[in-house]
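Novice: Going down the list, the protein sequences come from chains A and B. The first sequence begins at 1 in my numbering and counts up by one. The second sequence begins at 1 in my numbering and counts up by one.
Keep in mind that a hint or two might mislead.
Treat identical chains as interchangeable: a pair holds within one or across any two.
Listed next, the in silico BS3-like pairs over lysine-lysine satisfying Cα-Cα at most 30 Å (straight line) [claimed, not checked]:
1. Lys221 <-> Lys90
2. Lys47 <-> Lys138
3. Lys129 <-> Lys90
4. Lys44 <-> Lys138
5. Lys193 <-> Lys44
6. Lys129 <-> Lys198
7. Lys129 <-> Lys22
8. Lys47 <-> Lys129
9. Lys198 <-> Lys44
10. Lys129 <-> Lys157
Note that these hints are calculated values from the structure, not bench results.
2 protein chains.
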Amino acid sequence: MIVDGRALAEVLKAEVRVEVEKLSSLTLAVIVNVSDAVTDSYVKIKKRVAGELGVTVVDCASVEEALVADGIILQLPLPPGMDVEREKNKIPIEKDVDVLSDAAFAAFSNGNHPAIPPVPAAMKYILEKNNTTIYGGKVAIVGYGRLVGKPAAVLFKQLGAEVRVADKGDDVGAITRDADIVILGTGIAGVLKPDMVKDGVAILDAGASVDRRLPAGRQGKVVGDADPACADKASLFTPVPGGVGPVAIAEIFANLVALERHFRP
Amino acid sequence: MIVDGRALAEVLKAEVRVEVEKLSSLTLAVIVNVSDAVTDSYVKIKKRVAGELGVTVVDCASVEEALVADGIILQLPLPPGMDVEREKNKIPIEKDVDVLSDAAFAAFSNGNHPAIPPVPAAMKYILEKNNTTIYGGKVAIVGYGRLVGKPAAVLFKQLGAEVRVADKGDDVGAITRDADIVILGTGIAGVLKPDMVKDGVAILDAGASVDRRLPAGRQGKVVGDADPACADKASLFTPVPGGVGPVAIAEIFANLVALERHFRP
Numbered sequence: 001m002i003v004d005g006r007a008l009a010e011v012l013k014a015e016v017r018v019e020v021e022k023l024s025s026l027t028l029a030v031i032v033n034v035s036d037a038v039t040d041s042y043v044k045i046k047k048r049v050a051g052e053l054g055v056t057v058v059d060c061a062s063v064e065e066a067l068v069a070d071g072i073i074l075q076l077p078l079p080p081g082m083d084v085e086r087e088k089n090k091i092p093i094e095k096d097v098d099v100l101s102d103a104a105f106a107a108f109s110n111g112n113h114p115a116i117p118p119v120p121a122a123m124k125y126i127l128e129k130n131n132t133t134i135y136g137g138k139v140a141i142v143g144y145g146r147l148v149g150k151p152a153a154v155l156f157k158q159l160g161a162e163v164r165v166a167d168k169g170d171d172v173g174a175i176t177r178d179a180d181i182v183i184l185g186t187g188i189a190g191v192l193k194p195d196m197v198k199d200g201v202a203i204l205d206a207g208a209s210v211d212r213r214l215p216a217g218r219q220g221k222v223v224g225d226a227d228p229a230c231a232d233k234a235s236l237f238t239p240v241p242g243g244v245g246p247v248a249i250a251e252i253f254a255n256l257v258a259l260e261r262h263f264r265p
Numbered sequence: 001m002i003v004d005g006r007a008l009a010e011v012l013k014a015e016v017r018v019e020v021e022k023l024s025s026l027t028l029a030v031i032v033n034v035s036d037a038v039t040d041s042y043v044k045i046k047k048r049v050a051g052e053l054g055v056t057v058v059d060c061a062s063v064e065e066a067l068v069a070d071g072i073i074l075q076l077p078l079p080p081g082m083d084v085e086r087e088k089n090k091i092p093i094e095k096d097v098d099v100l101s102d103a104a105f106a107a108f109s110n111g112n113h114p115a116i117p118p119v120p121a122a123m124k125y126i127l128e129k130n131n132t133t134i135y136g137g138k139v140a141i142v143g144y145g146r147l148v149g150k151p152a153a154v155l156f157k158q159l160g161a162e163v164r165v166a167d168k169g170d171d172v173g174a175i176t177r178d179a180d181i182v183i184l185g186t187g188i189a190g191v192l193k194p195d196m197v198k199d200g201v202a203i204l205d206a207g208a209s210v211d212r213r214l215p216a217g218r219q220g221k222v223v224g225d226a227d228p229a230c231a232d233k234a235s236l237f238t239p240v241p242g243g244v245g246p247v248a249i250a251e252i253f254a255n256l257v258a259l260e261r262h263f264r265p
């Protein structure tokens with residue numbers, strides 16, 4: 001089944017909206033240092049969702065300036081001169097809606113944090129809403145980046161899955177072939193082919209790259225890591241776009257509410 | 001806490017929308033025999049929600065004509081000449097989204113039916129979304145009508161609550177005073193007063209009557225069974241309008257989906 005991430009995001013947003021209403025007015029600071037088509041699009045979507053949920057957005061030039069808000073998004077990537085490690089670690093743990101700082105990630109890793117990194121949180125939400133069991137399942141994670149693979153490995157271990165990671169240089173098929181759940185976050189279009197998964201697999205694709213191999217006029221289309229033909233073998237398949245992405249954006253706001261409740265009750 | 005039923009209904013509708021999408025196109029027949037301001041308003045809302053959820057509405061003059069649809073709403077009340085008992089029992093159990101017929105109600109009562117009468121289903125949903133425990137709780141039901149009290153008594157017993165019903169002539173306060181959850185469905189404005197409930201009670205008000213005691217210009221306002229002052233003692237309080245009602249309308253569509261899955265998989 002092809003997951004309609006946009007429709008599921010509407011469920012999660014409606015749930016978050018109920019919680020936002022119960023709190024006093026929430027503000028979210030957005031720090032954008034780079035302007036390109038993809039970044040602009042992400043920022044625009046996040047701001048639109050904030051509006052839908054009744055969260056006030058403040059544009060800020062730096063983390064320091066953003067400290068007035070209840071939550072902080074440091075939009076990645078940062079421009080070449082800026083140190084991601086230093087900047088992200090300026091975000092106070094209680095405002096870190098992306099669970100980006102080392103302190104926030106450590107708290108999350110220790111199982112002792114109300115927020116979950118948005119992309120794996122979205123994957124968990126999608127699996128749960130489709131009654132797919134995580135506990136005891138074999139989870140293959142392809143790619144080990146900051147936003148997808150690394151936090152997904154932590155989360156799915158916490159949820160009782162048997163996790164294997166394929167990073168650069170590994171034989172991906174050897175790891176994905178017997179997996180119940182395949183998580184993708186490489187940004188390499190078509191890295192997962194149908195012969196690399198078993199029938200009935202759940203494929204959660206958080207990869208995104210611009211496909212330039214398309215015929216003229218269709219260039220610049222964003223595609224995922226999975227070859228779309230994988231969907232035929234999958235019990236659950238998240239398309240790109242319209243799969244994990246919209247739910248992950250809603251999870252940012254679920255984190256905003258969860259942090260607010262936990263740290264400022 | 002005052003429950004925002006409209007916001008909760010958005011959550012349920014988004015959940016139902018995801019399910020509607022997975023099914024082939026659904027149609028809902030609406031049979032309206034009476035036209036007055038209140039009935040027209042209900043019918044209009046149900047049709048609007050159908051549109052939001054991608055369900056096609058067919059206006060029908062009789063149950064016989066409505067049999068072409070996937071679900072049937074027989075809008076009550078019926079005009080004086082028509083026999084409610086006879087008409088409602090013409091609705092096939094698998095299309096009875098209001099669980100109105102004797103056969104559907106019997107199946108529901110036996111714990112053997114995928115649909116739940118919409119008003120108590122909405123109450124269950126509201127309690128669950130607010131983490132209010134039903135199992136083992138004391139539930140007082142005021143009013144024992146077809147749409148609220150009677151099905152609520154069945155449902156909350158099934159959910160493991162200790163249920164007591166106050167019907168006409170009973171001392172309402174004697175039954176509500178030690179209840180953890182009070183369910184109202186009498187249509188008598190202000191029948192529940194603050195001195196009749198304990199602190200921390202959850203009040204679910206499905207009563208609706210037109211308050212004619214208001215100053216000129218505010219006449220005709222729909223009010224619930226609970227004196228609004230009860231909200232101060234309640235851990236959970238559903239206002240009228242905007243409490244149980246919007247969620248109950250969404251539950252009609254949850255039933256449409258549940259019946260479709262169960263009887264036409």
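Novice: Let me make sure I understand: some of the numbered hints might not hold for this structure. Which ones are they, in numerical order?
Specialist: 1, 2, 3, 4, 5, 9
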